[in-house]
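Novice: Sequence:
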Amino acid sequence: MKDIEIITPIKAMTYAELDATERRLVEAAQAALKGSYAPYSHFKVGAAILLANGEIATGANQENAAYPSGTCAERSACYWAGANYPGVAFEMIAIAAIGTDGFPTAQPTAPCGACRQALLEYEKLAGHHVPVLLAGAEEVYRLSSVQALLPLAFIEF
Numbered sequence: 045m046k047d048i049e050i051i052t053p054i055k056a057m058t059y060a061e062l063d064a065t066e067r068r069l070v071e072a073a074q075a076a077l078k079g080s081y082a083p084y085s086h087f088k089v090g091a092a093i094l095l096a097n098g099e100i101a102t103g104a105n106q107e108n109a110a111y112p113s114g115t116c117a118e119r120s121a122c123y124w125a126g127a128n129y130p131g132v133a134f135e136m137i138a139i140a141a142i143g144t145d146g147f148p149t150a151q152p153t154a155p156c157g158a159c160r161q162a163l164l165e166y167e168k169l170a171g172h173h174v175p176v177l178l179a180g181a182e183e184v185y186r187l188s189s190v191q192a193l194l195p196l197a198f199i200e201f
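Numbering-wise, the numbering used here comes out as the position in the sequence shown, counting from 1, plus 44.
Treat the hints as calculated values from the structure; they're not laboratory data.
Model, not experiment: these values are computed from the prediction.
Where hints are given, some of them may not hold.
Label-pair ranges, simulated between beta-carbon atoms [claimed, not checked]:
1. A60 to L196: 32 to 42 Å
2. I48 to A109: 14 to 24 Å
3. M45 to R67: 45 to 55 Å
4. P83 to G171: 24 to 34 Å
Dumping the calculated EDC-like pairs for lysine to aspartate or glutamate here, alpha-carbon to alpha-carbon at most 20 Å [what the hints assert, rightly or not]:
5. K55 to E71
6. K55 to E135
7. K55 to E182
8. K78 to E107
9. K168 to E135
10. K55 to E66
Quick reminder that beta carbons are idealized off the backbone N, C-alpha and C, glycines included.
Using the sequences plus the hints, can you model the full thing?
Specialist: Given below as structure tokens:
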């Protein structure tokens, strides 16, 4: 028997360290928070996806009393992008959240497992790694790919 350690490299950056494209995408995810409907959890999430054609698709979490009928921001954005821009590759994804206290989360918030799997499907369709930006109150985590969020995922490029 042997132990195997899985390590996910994450670059923690201040907002000042983001390049113009990253900043634009994080701002789009933060703006998407306005579309959140979260009367039950009071936890708002916004997502923005930069597409290869330069468009940015956004989404926000949508809750429903008939839980789990709602959807997360990440799936809202990726399914909208897939339906409206079929065949256009994802280039980068940004996610922002507002906690139950009404303020941006101190630590960057990562997607749930279902969203990780959905985003991974679109990374596979893109044919290349799609960087992920997770925005917190003071810093942004940058991961090299969606796959980095889902260790041991079954995917081939």
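Novice: Of all the hints given earlier, name the ones this structure violates by number, lowest first.
Specialist: The structure breaks hints 2, 4; every other hint is satisfied.
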